[in-house]
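Okay, here's what each chain looks like letter by letter:
2 protein chains.
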Amino acid sequence: MALSQPPVPINSAATTSSEQTKATLKDVATLAGVSVATASKALNGQPKVNADTRVRVQAAALQLSYVPNTFAQSLISGKSNSIGAITSDFQGMFCTPILIGAEDELGAASNTVLLANARGDATLERNHLDYLLSRNVDGIILINDKTTPRTPMIIPNGIPAVYAYAPSTNSDDCSITSDNVGAGRMVVEHLLSCGRSKIAIIGGDQKATASGKAALDRLEGYTAALHEAGLEPAGPVRFSDWSEPWGRAATRMLLDQGVDFDAVICQSDVIARGCLDALKERGLSIPRDVAVVGHDNWMNVSLGSAPPLTTVDNNLEQIGHRAARALLDAINHKPHHGVEYVPCSLVQRESTIPRG
Amino acid sequence: MALSQPPVPINSAATTSSEQTKATLKDVATLAGVSVATASKALNGQPKVNADTRVRVQAAALQLSYVPNTFAQSLISGKSNSIGAITSDFQGMFCTPILIGAEDELGAASNTVLLANARGDATLERNHLDYLLSRNVDGIILINDKTTPRTPMIIPNGIPAVYAYAPSTNSDDCSITSDNVGAGRMVVEHLLSCGRSKIAIIGGDQKATASGKAALDRLEGYTAALHEAGLEPAGPVRFSDWSEPWGRAATRMLLDQGVDFDAVICQSDVIARGCLDALKERGLSIPRDVAVVGHDNWMNVSLGSAPPLTTVDNNLEQIGHRAARALLDAINHKPHHGVEYVPCSLVQRESTIPRG
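Residue numbers (full-length UniProt numbering), protein chains in the order written: chain U, 1 to 356; chain A, 1 to 356.
No wet-lab data here; the hints were simulated from the structure.
Check each hint, because a few of them may be wrong.
Since the list can't tell identical chains apart, any single copy or any two copies may satisfy a pair.
Stated by the list, open to error - In the DSS-like style, the derived pairs of lysine-lysine whose C-alpha atoms are separated by at most 30 angstroms in a straight line are:
1. Lys146 - Lys48
2. Lys26 - Lys79
3. Lys198 - Lys26
4. Lys198 - Lys334
5. Lys79 - Lys41
6. Lys79 - Lys198
7. Lys207 - Lys26
8. Lys26 - Lys146
9. Lys48 - Lys26
Remember, predicted model here, so these are calculated numbers, not experimental data.
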C-alpha cells in the first residue's frame, strides 16, 4: 500500500495523541467507515470479515494507537488471559527472580500476572487463592522461598496450578524446583578439579520449616561425589541455621578441633562470609590455605567479600520461566505431572581459584 | 435466627464442597428460591430487595461458600477494582517490601494488584503501562528502586498514578518517598548521643542513575546536624559506589591519611561491612575505638556482621501503604499532590552501642 494513498481519511480530531485521550473501538470504526461490530470482528481475527475491510480497520487502529480492551475481549473468549501468582517471602530474594522469569514467559504469551503475597501463612494463601479465582484467572503459580515440599492447595473447577521452588507433595501436580543434589555434586567436583581433597562441610538449617530439604539434598550430592572419588567429608558435618555467626562458629570449631581441611563447602553465601572471617582471624589465606564455596550467588554477599566467593546460582529466573511454560501448557490442555528439576550453575570466583 | 430453623432448605447436591465444584449465582438463587436477578441484587446491596429476601440469599450464599465473580461485577460498576503496579528492580530488595505494603492496603479495600516489572527500562515500562491500561486498571503505582526523581509517565484518560520511592519530577503528581535528609540528621544525632564527635562519612554513588539523590540528601542531613552541634565531618567525604570493596578502600584511606575519627557513617550496610573489615584488620575495636553506622537494614548484612550493625531502616512497607492509600484517595476523587516523605527509623545495634 503506497504512502500516497492512505487507506482511510485523515481525521484530525480522531488522530489526537493517544497520550491525551485514548481511542475507543468506536473511533476506530468511524475512521474506517464501518460499524463497531465489524471493527470488533476485524480486530479479533474472526473469519466473516472480508480482507479489504480488515486492512482498513487495522490501519485505522494503528493510526489511532488503539489499545484493545482485553477486559471486554476476555468476556467473549471465556479466558481472562491473566495468571494468579502467590508468592511467600518478605524480602523477595527468592521469589522476585522467579516472578521475573514467570512474567517474561507469560508476558510473551500476552498474559497479565495478578500478584498476591501470602508471606508463608497458609490461611492468607487460601484467601489469596479464593480472591484470585474470583478474578477469573486462567491458572495459578504458587511460588515459595524454600525447596522443602509443601502441602498442595485444593483448587476448584480444574483450574491448573504449578508449584515453583517448593514442590507439591502430590506427585500428580506439576512442580518446578532446584536441583540441589546436582548442585552438591557440582561443588565437590569443582573443588576436586582445583586439587582439593580434604573437604569440610558447614550445613545450614536441616529443619523442614527452614529450607531443610535444600540442606539435606545438597549434602546428598556432596557425599555421592566424594564417595565416587573415594573420599569422606573432613570432620563432622554440622547444621544450625543459615546465618553468618553460624559460619564463624562452625569454622572456629573445625579449627579448634584440629580437623585437617583444605576446602570448606558452606551451604549459603552468608555462612561462607562467616567462614571467611573466622579463617582470616586465624591467619589463614583464602584460597591458598583453604578454598571456600558458598551457595545462592547473592551479589551483595558473594561479590563483595574478600576474596569474592565461588558460589552456586539457583537459576531462579529459569525456574520462573519453566513454571510459567508448564502452566501455559496446562491451560492448553497439555498438563505436566511430577517434579522437574532445574540445574544450578557454578559461579567460579577467587575464593577457590586465585586470580592471575 | 435459630439454628433449628434453617432459613433455606438443605439441598445435598447444592451443598457439595466448594473445594470440588464452585457454587454459581444460579445455585445460590435456586437454594434461596429466588430468580438469579434477585439473588444478584440482594448480594450487591441494591436497595430494591426486601429484607427477608436479602437474608435468605445471603444465608444461601454462605451455605454454598459462594464466591462472587468480581470480574462480572466490575462490568456493572465500571470499576475493575484492580491496580497496576510497575516495579523496576531485579532482586526485589527495595520493591518487594514496598509492594507488600501496597498490597496490604489495597487488599483491605478489595483490590487486586496486577504486576509488571520494567527492570529500569523506560520502553518496557511504557509497554507495561499500555498493557495494564488495556486491563482496565483503576490506577497505577510506579515503584522504583531509587529515590532519585524520575520523568513522569503520561497516563491517558485521567487514570490516577502514584509514584513510590522515586518521586515524579512533576510537582503536581503524587509521590511517596523516603526522608533521606531526616535519616541523615537521625544518624548524626544518634552518634552525638553516644558521645562521638569526630565523625567520618563514606558516601555511596552520587550519580543520579545510581541512587545519587539518596547519597546527597543523606549528606545534607549529616552536615546540617553536625553544623548545629558546631562540628564538621572528620576528613573528606568521598563517593564511589555502594559496594563493600569501596567501604574497605575508603576506610583504609581515612586511616592511612591519619584522619582522627571515632565514628564512621557509611551510606549503606554493604559499605559498612567493608568498613568494619578494614578497621578490624588494623586492630581497631568496634564500637570501642570507632562506632560504625550503615543504612538499609538488610538483615543478612546488618545482623550477620560482627558486631551487628546499627543502621537505618527505610520503612519501605510503610511507603507502599502510603502510596496505595494515596492512590485509593485519587480513585475516589481526592488526589494528593506533591511529594510526601516517609520518615526512616534508626535501628540501634552493637556497632555503636556496646552490649551489656
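Outcome of the hint check:
no., hint, in the structure
1, Lys146 - Lys48, "neither (51 angstroms within a copy, 51 angstroms between copies)"
2, Lys26 - Lys79, "both (24 angstroms within a copy, 20 angstroms between copies)"
3, Lys198 - Lys26, "neither (75 angstroms within a copy, 70 angstroms between copies)"
4, Lys198 - Lys334, "neither (48 angstroms within a copy, 68 angstroms between copies)"
5, Lys79 - Lys41, "both (17 angstroms within a copy, 25 angstroms between copies)"
6, Lys79 - Lys198, "neither (58 angstroms within a copy, 65 angstroms between copies)"
7, Lys207 - Lys26, "neither (61 angstroms within a copy, 47 angstroms between copies)"
8, Lys26 - Lys146, "neither (50 angstroms within a copy, 41 angstroms between copies)"
9, Lys48 - Lys26, "within (19 angstroms within a copy, 34 angstroms between copies)"
Comparing the model with each numbered hint stated earlier shows that hints 1, 3, 4, 6, 7, 8 do not hold.
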